[in-house]
Amino acid sequence: MQHDTENPKIYSGPLVAATLALLLAFFTLMVSHHISRLTKELDKIIHSYGHWIPGSTGSGPDGSIGSYTGKETLAIAVWLVSWLIFHCLWRRQDLSLKVWTRLFVVGLLAITLGFFHPISDPIVLFIADLLGIY
Amino acid sequence: MPTGEYRHDHFGKAVIRTQIAIALSLLLLLPAANFFYPTAYNLKAGIHGVSAILAVIVGTYLTHRAIPLIKGMQVRFESLRLWVMTATVLNLAGAVSGNWIYMRYRGQEGPRDWILAHVPSFHNVLMEFKEFASLFPFPLMVAACFALFYYGKSMQYRRDIARFLGITLLISWSFLMLGFVAGLVLAKLRFV
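If you're matching them up, the sequences are chains A and B in order. Its first residue numbered 47, the first sequence is counted upward by one per residue in our numbering. Its first residue numbered 464, the second sequence is counted upward by one per residue in our numbering.
Residues from chain B shown here face chain A by an in silico Cβ test under 8 Å; the list is partial:
1) Tyr565
2) Met566
3) Leu598
4) Phe609
5) Ala610
6) Tyr613
7) Arg621
8) Phe627
Listed below are the simulated DSS-like cross-link pairs for lysine-lysine, each with C-alpha atoms no more than 30 Å apart in a straight line:
9) B/Lys616 - A/Lys144
10) B/Lys476 - B/Lys534
11) A/Lys55 - B/Lys534
12) A/Lys55 - A/Lys144
13) A/Lys90 - B/Lys507
14) A/Lys144 - B/Lys534
15) B/Lys616 - B/Lys476
16) B/Lys507 - B/Lys651
17) A/Lys55 - B/Lys616
18) B/Lys616 - B/Lys534
Quick list of simulated restraints, FRET-style, between CB atoms:
19) A/Gly178 - B/Leu633: 35 to 45 Å
20) A/Lys55 - B/Gln571: 58 to 68 Å
21) B/Gly615 - A/Leu159: 35 to 45 Å
22) A/Leu171 - B/Gln619: 42 to 52 Å
23) A/Cys134 - B/Pro531: 24 to 34 Å
24) A/Val152 - B/Arg622: 19 to 29 Å
25) B/Leu493 - A/Leu159: 25 to 35 Å
26) A/Leu159 - B/Gln571: 25 to 35 Å
27) A/Phe172 - B/Leu579: 21 to 31 Å
28) A/Arg138 - B/Glu572: 52 to 62 Å
29) A/Phe172 - B/Arg480: 50 to 60 Å
Since the hints were made in silico from the structure, they are not lab data. Since the structure is predicted, the reported quantities are computational estimates derived from the model, not experimental observations. Just so you know, even glycine gets a beta-carbon here, dropped at the ideal spot from N, CA and C.
Generate the whole structure from the sequences, applying the supplied hints.
Right under this line is the structure:
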């Protein structure tokens, strides 16, 4: 027979940590993508993070994936590091999943639209203009 | 009028399973044909196509497993964990092979050059969207996998956690479909 005491208390914190981390990773992917499109120098900087990935550089018919590798690297780094930090912080926390579900879905939707150039380009160019990046 | 649960008999199950087997085989022929396409990149294209379509199939099946989770019903936990693990591996294979074939897409006189010359918006809007949206399902499945292992069976005592897991599976599927359809359109325009 099962008693309630046999069921260890479980916390929603680790689940929020895991999903917030991937939201931040997708956000990093979006920001690094738009930064790399602004100037050749910025693209080079983003690209430099991805040189460890096979096929990150090269030319000819076989091609290369270019600065896409740098964007992936930055996103993976943010994903794993932030996951670890949030997990340690919220291991024993019960956070409202009702509120988080809404924030998570809206956040994902906003980031997804951020990859849709007809919508994101005017915003990116406006911000770049403010910062004086050409 | 009695409204008990409808259960398929053995014949009904056999019909459904046969239909699924035929449909899956035919669907797999679509990307498997890439292996026989006369280019130097048929192996890369075939592997990416097959892993992508398998990820879509498993991801689609998982949307059916997500509904009981969202409704707060008890689920067959071990089986769900196995399917989510399979989906995670397939999504990783799809992303890695996607990186691999993307090199040729960007290569000299590759699909990107052709598309930019003829229908530039398909690269500038669709591909620039697809290359990132296709990366989303894998980490989403990793998060789902993590939840299933971290909480174990006790997860079913927390309806909100099970519900969030179900929603994560549905979201992962929607990104899979976005990436898959965009990929099909690009491959239709210009094959590697």
